[in-house]
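**Q** So the protein sequences, as listed, match chains A and B.
At position 307 of the first sequence (counting the first as 1) the number is 306 in numbering that gives the first Met the number 0, and the numbers step up by one without a gap.
At position 209 of the second sequence (counting the first as 1) the number is 208 in numbering that gives the first Met the number 0, and the numbers step up by one without a gap.
Treat the hints with care, as some may be off.
[As the list claims (entries may be wrong)] Quick look at which bits of chain B chain A covers, simulated, 3 or more residues with Cβ under 8 Å:
#, segment
1, 14-20
2, 52-64
3, 293-300
If you are wondering where the hints come from, they were derived from the structure by calculation, not from laboratory data.
Idealized CB from N, CA, C, for every residue including glycine.
Chain by chain, the residues run as shown.
Protein chains: 2
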Amino acid sequence: MQQAAQHQQQLTKPAGSLGRLEEIAVRLAGIQGTPLPHIQQKSVIVMAGDHGVTREGVSAYPAEVTPQMVLNFLAGGAAINALARQAQAEVVIVDIGVAAPLTHPQLISRKVAPGSANMAEGPALTREQLFEAFQVGFEVLDVTVEKGCDLIAIGEMGIGNTTAASAISATLLRLPVDTLTGHGTGISAEQRQHKVRVLERALELNQPDPNDALDVLAKVGGLEIAGLTGVIIAAAARRIPVLIDGFISSSAALAACALNPAIRNYLFAGHTSVEPGHRLILEYLQLQPLLNLNMRLGEGTGAVLAMHILEAALHTHNEMATFAQAGVSEKEEG
Amino acid sequence: MQQAAQHQQQLTKPAGSLGRLEEIAVRLAGIQGTPLPHIQQKSVIVMAGDHGVTREGVSAYPAEVTPQMVLNFLAGGAAINALARQAQAEVVIVDIGVAAPLTHPQLISRKVAPGSANMAEGPALTREQLFEAFQVGFEVLDVTVEKGCDLIAIGEMGIGNTTAASAISATLLRLPVDTLTGHGTGISAEQRQHKVRVLERALELNQPDPNDALDVLAKVGGLEIAGLTGVIIAAAARRIPVLIDGFISSSAALAACALNPAIRNYLFAGHTSVEPGHRLILEYLQLQPLLNLNMRLGEGTGAVLAMHILEAALHTHNEMATFAQAGVSEKEEG
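Start from the sequences, fold in the hints, and give me the full structure.
**A** Rendered as structure tokens:
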């Protein structure tokens, strides 16, 4: 990282004038352990799962939308497909817990269960299901990296999963659910109040231990969130940078960092979404979002869009001439 | 625009969940006059000129850096080259007023004068020089568009040009120069105070008329700023969207909008830089920056980086399936 920082000082621009692009290049140098880091191949891993808590009426969309959108991803018609084509990133779709049966040649079918249980009535996952979901994340990451991928974005699909993300982050950040809970994909103020009451009931009933991220993920998490936690843990272990997306994937990052704080060094926050809990997680993890475009879709869209910024940092870092090479005068001492 | 907005409502995502990408797509639809706008070919027009006011010691870099950096652009070694390669944008370099003689097969040599006069001693440009600089902007834009370009970014190079940008924007925004003046490419607090005094002297001496943007551009502007004003005027006339960059290119946009307020509808603000005057111009023009990465380099770097965001807006707008096409259920009425 020090060599990379010195290299930045010699490029033909006033020191610091590329702002966060310079910081990103130096961070990527640290992650890859080389002064001139490169990104060759990019993937977005999208995990899909259903949530028993949707039976409490916490979402604006019916639960059938989860499998419908998975098929839309596989047909290439969703926002994440359009943005991944632009960014030249592979889209990896994993069914880790969709309630409906799904088959498709491009779908990675690793269904741990047909959705989580209703956290308003008991724990969302068993400890065994949680570990199996982690394992799916480890394996999907390993296969993706073995194929040559060196930058991962994460995304998710699961009607009801902002409710799980609120429960996880309220517990781990030790904040009242009311401060973290937003309007999800578009519920009214009254529906939001109902969602807050369901969350309060689920936390009261399950009593997840804020000092034990495994307990939190099992009791009030979800299969796609646990799977993404596994992806993040495995990526950090292999020194692969991970772009996190919105509130839900950030709750997976929060859980991963609670298990091992060093994982934070491998994370980049793609953007900040409209969900209030998202900003609180990023502040806690001290991750500054790269984009702020009022997006709140999930699927990995904000993370994939931010790939252009990470690549811009490397294009300038690796391709610019130095003052000496270009014969440009340096700053006069003032 | 209305058709484009209706199209957005039918795409497989919660309404509004792509945030500013949706607004951008609708604005581009309005500019191009089609519900499904496209960007085929992108260019960044970089105008370079010198400033007589550098003799007052307002910059951290010697004036020789202007021609040195122009040669660096032409050799492909500057930040704008790296970012334009990534964005697949053509780099068009125009010598509109560099003091030193410059020749290069790729350089568009349209030198109106070997730099502006020192605004601290009299008007920076004559009225004839100003109109000639506009004409250069018109012609460069026309040639670029004739070659097929349908998205323009603007950039500049000129040691001393934050001083000219401060003078223009202080006058047109009717604000004290002290509130608009930053540290340019890296001067100290003391040097900044000196820059403010030089600016106050130049404005006192020249008395530019805030109701007459032509008077302002001539008396306290510069050749590259006037040239970019010409580019913006000509682009808006041809319904070509323009991505503006930092403080200097935004001062050209401010002048263009003072001449014709409708031009604002063709502008996108690529980013917000560290220069305080930049934010004030964007607020006045009601342009919300697409990126905020603490960049302050100029050259068009922030504008070219923001091209990815504009293209993302169109990829999602044009490629996503509708609810009907994908068989996805719409939102339940709450």
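**Q** Indicate, hint by hint, whether the structure satisfies it.
**A** Comparing the hints with the structure gives:
| no. | hint | result |
| --- | --- | --- |
| 1 | 14-20 | holds (count 7) |
| 2 | 52-64 | holds (count 5) |
| 3 | 293-300 | holds (count 5) |
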